[in-house]
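K.L.:
Here is how the chains run, residue by residue.
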Amino acid sequence: MSALLQVRGLGRHYGQRIGCEDVSFDLHPGELLCIVGESGSGKSTLLNTVAAQQAPSAGSACYRQRSGGWLELGALGEADRRRLAREEWGFVTQNPRDGLRLNVSAGANVAERLMALGMRNYAQLRDIARGWLERVEIDPARIDDAPTSFSGGMQQRLQIARTLVTQPRLVFMDEPTAGLDVSVQARILDLLRRLVNELGLAAVMVTHDLAVARLLAARTLVMQGGRVVETGLTDQILDDPQHPYTQLLVSSVLTT
Amino acid sequence: MTYNFAFLDEDTKRMLRRALLKAVAIPGYQVPFGSREMPLPYGWGTGGIQVTAALLGPDDVLKVIDQGADDTTNAVNIRRFFHRVAGVATTEHTAEATLIQTRHRIPETSLREDQILVFQVPEPEPLRTLEPREAETRTLHALADYGLMHVKLYEDIAQYGHIATSYDYPVLVDGRFLTSPSPIPKFDNPKLDRSPALMLFGAGREKRLYAIPPYTRVESLAFDDHPFEIQRWEHRCELCGSGESYLDEVVVDDRGTRMFVCSDTDFCSGRRTEAQA
Amino acid sequence: MTADLMLELRDIGKSFELHHQHGARLDVLRGLDLRLHAGECVVLSGPSGAGKSTLLRVIYANYRLSFGAVHLRHAGRWLDLARATPHEVLEVRRHTLGYVSQFLRVIPRVPALDIVAEPLLQAGMGEGEARRRAGDLLHRLNVPERLWLLPPGTFSGGEQQRVNIARGLIVRRPILLLDEPTASLDAANRDVVAQLLAEARADGSAVLGIFHDEDMRDRVATRLFPMQALEAA
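Residue numbers (my numbering), protein chains in the order written: chain C, 716 to 971; chain D, 36 to 312; chain S, 57 to 289.
It is worth saying that the hints were derived from the structure and are not from the lab. Where a beta carbon is used, it is the ideal one built from N, C-alpha and C, also for glycine. A couple of the hints might just be wrong.
[To be verified] Have a look at the derived ranges for each label pair, beta carbon to beta carbon:
no. : chain 1 : residue 1 : chain 2 : residue 2 : range
1   : S       : D89       : C       : G730      : 50 to 58 Å
2   : C       : R781      : D       : H128      : 34 to 42 Å
3   : S       : R188      : D       : R267      : 24 to 32 Å
4   : C       : Q780      : S       : E183      : 29 to 37 Å
5   : S       : N198      : C       : N912      : 25 to 33 Å
6   : D       : E158      : C       : D813      : 20 to 28 Å
[Claimed, not checked] So, partial list: chain C residues that the calculated Cβ filter (under 7 Å) puts toward chain S:
no. : residue
7   : A901
8   : D905
9   : A933
10  : R934
11  : G947
12  : L948
13  : D950
14  : D954
15  : P959
[Stated by the list, open to error] Residues of chain S clear of chain C, computed beta-carbon distances all greater than 12 Å:
no. : residue
16  : G102
17  : A106
18  : H127
19  : H130
20  : R133
21  : R196
22  : E201
23  : F211
24  : A250
25  : R257
26  : D271
27  : A277
Here chain C stands alone, though its shape is the one from the complex (with noise of 0.2 Å):
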């Protein structure tokens, strides 16, 4: 099976400053990596840079498209990096109330990504957005009422609706059940679970918590002070920890 993403000596630097250095992996279809590291430990930059949201200081990301043409991130232009986005790549935001449109109502915030597809069948477009609400457990009476009268877990939900409309290839997550209650991640957890299996997303997802790690992802990068410090499977990683940072990692987690 040929990788979807190919990473190789990726680093971003602010300044003299280190954001994220030296960083390799491949990410295969239907297969979700996890990263996993403390606040500050470069998860975001490094995801940030592998979604195109900012330019490699150094090393390359490469990804395949669905026309099977490999593209070179770094050096995409503005017009590649906004179609890629809207049509093969889907980013969810730990808030997500940056990552809906706020002002529409939970509908048009499905839809919106199917409309900039092209759609242009309005009964069609509440058909689906009634059965993207209803897939991510969100009363699809609900359609038309604002974002904003929406729990956080609603909104996230409605976010990775928002995001999954369009059945993108490739999925960006940063933190998406962070700042949630434990029980309202439960269900976000299980739902993303669900989704990746049945849409076989590729994913890469940025966590400091290594039970979603366990729960989603068959392997994960470990992050310290911008380096990858051990890669594996996760249940290697979470089991057979290696380096000091990810045996300190795992024995920190309180178990219940």
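With chain C fixed as given, assemble chains D and S onto it according to the hints.
P.N.:
Just chains D and S, lined up with the frame of chain C:
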């Protein structure tokens, strides 16, 4: 006190004409220009006046309308202004005018190739209410990434059951640029499409000009199952009997008696004169 | 007739280095060789602390090998799992190598039936058929039907263990690793598990397991593999 012909100095007019040429060359594209202080406040048509001033020649015949009427304060003042600072002939008859400055309407009488229509525009950016960042809307235009505009139309249908936007209805010019037609009623949108007359738009406060050159394709956005439709009335004009023109509802006495009359005063009086003859 | 060799461990060593306990080093396995053939059931025996569970986890690539090689037959060729890429390991786990631990890893909100059916879905089976087969297996393991649509978080230890066995055995894999899967089962259910294992072996699966219960061990084992704790280095 004497003014330079048409109030503006020649350098400013040259700057405006350059911007207008660019606007005509790229139909629907918003061209920035150095908007000047005018002797009336923003929102009163400073953009339109500057465009008009840059175009006027001594032989032009100027008509100014506001909401279709030649006799409203704004129209009368602007017409008098140019009569005074340029000495040009003015008219209230659409057919006689070479240059028509307008706010909120396109005349009912069909325009010709030798006429120019100048629109006063308060907000040139059709995406502004959805996307407040100027840098972002410019990028969206550059990439023709217009899915966002349909979000607004979607919201209309979701809220009102139909596309309730009734004026400043967004159009796609020449299949490329999403454009605000200025706050004309959507009733007038079809008149923009392949119009023989040159249409110029000036936004003084926002410092933008744009153009729809003659015979350019102008398409009003819509959904497949909610096509673009113009307003219809159950009434006819009570003065001239027209069933095809845009009607205003007017309260005529203190008891709330209403009547429907043409908003285009020249068109209405022309029909009445014809009927009497 | 000699059955096909399925798994060959050569000179295996495993030690743990505990960086946060003054760099303490625990040697658990050293110089271990083992061969496992299709159709046999080898039971690891030895005192607790002999490294039996560690060995199974090393084979499953859950623990990383410190020394030696884990050769296994996968999709008609030999592969050293200790040197395989993560993607190869996942592929091997999906199709060739099964592992049933003592404990079910509960996934919040996912019903028992879906937990059992999941490996079939991942192997590409349709949802209806996968759930039907999952139901059949849960039925055989005497998990009452009223529990099937509940998440097993609240089940008893025995019920959870049976769900776990069902999940582990539902896809017929050529090599099975079992870490005390019957520890909290009653006699009747141990019988069912013994039958299931016999069926798997008859189908050509090779089984390597840990069974502390001697009765169970005698029923399923074709051979014992004795292990001893390493003396403190």
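K.L.:
When you take the CB atoms of E158/D and D813/C, is the distance between them in 20 to 28 Å?
P.N.:
26 Å, holds
K.L.:
Using Cβ atoms and 12 Å as the threshold, tell me whether R133/S really stays out of contact range of chain C.
P.N.:
Holds, because the least Cβ-Cβ distance between R133/S and chain C comes to about 17 Å, which exceeds 12 Å.
K.L.:
Under the criterion of a CB-CB separation shorter than 7 Å, is P959/C in contact with chain S as hinted?
P.N.:
Result: holds, 4 Å to nearest chain S Cβ.
K.L.:
Is 29 to 37 Å right for how far apart the beta carbons of Q780/C and E183/S are?
P.N.:
30 Å, holds
K.L.:
Determine whether the non-interface label on G102/S survives the test: each CB of chain C must be over 12 Å from its CB.
P.N.:
It holds; G102/S is separated from chain C by about 21 Å at its closest Cβ, greater than 12 Å.
K.L.:
Classify the hint on D905/C as holds or violated, based on whether any CB of chain S lies nearer than 7 Å to its CB.
P.N.:
Nearest chain S Cβ about 4 Å off; hint holds.
K.L.:
Grab the minimum beta-carbon distance between R196/S and chain C and tell me whether it stays above 12 Å.
P.N.:
Non-interface label stands for R196/S: nearest chain C Cβ at 26 Å, farther than 12 Å.
K.L.:
At 12 Å, judged by beta carbons, does A277/S keep clear of chain C as stated?
P.N.:
At roughly 27 Å from the nearest Cβ of chain C, A277/S sits farther out than 12 Å, so the non-interface label holds.
K.L.:
Quick one, is the A933/C hint okay against chain S at 7 Å, beta carbons?
P.N.:
6 Å, holds
K.L.:
Compute the least Cβ-Cβ separation between D271/S and chain C, then decide whether it is above 12 Å.
P.N.:
Since the minimum Cβ distance to chain C is about 30 Å, D271/S lies beyond 12 Å and the statement holds.
K.L.:
Over 12 Å to the closest beta carbon of chain C is the bar; see if H130/S clears it.
P.N.:
15 Å, holds
K.L.:
Let's test the interface hint: is any C-beta of chain S closer than 7 Å to that of D950/C?
P.N.:
5 Å, holds
Of the numbered hints given earlier, the model fails hints 2, 3; all others are met.
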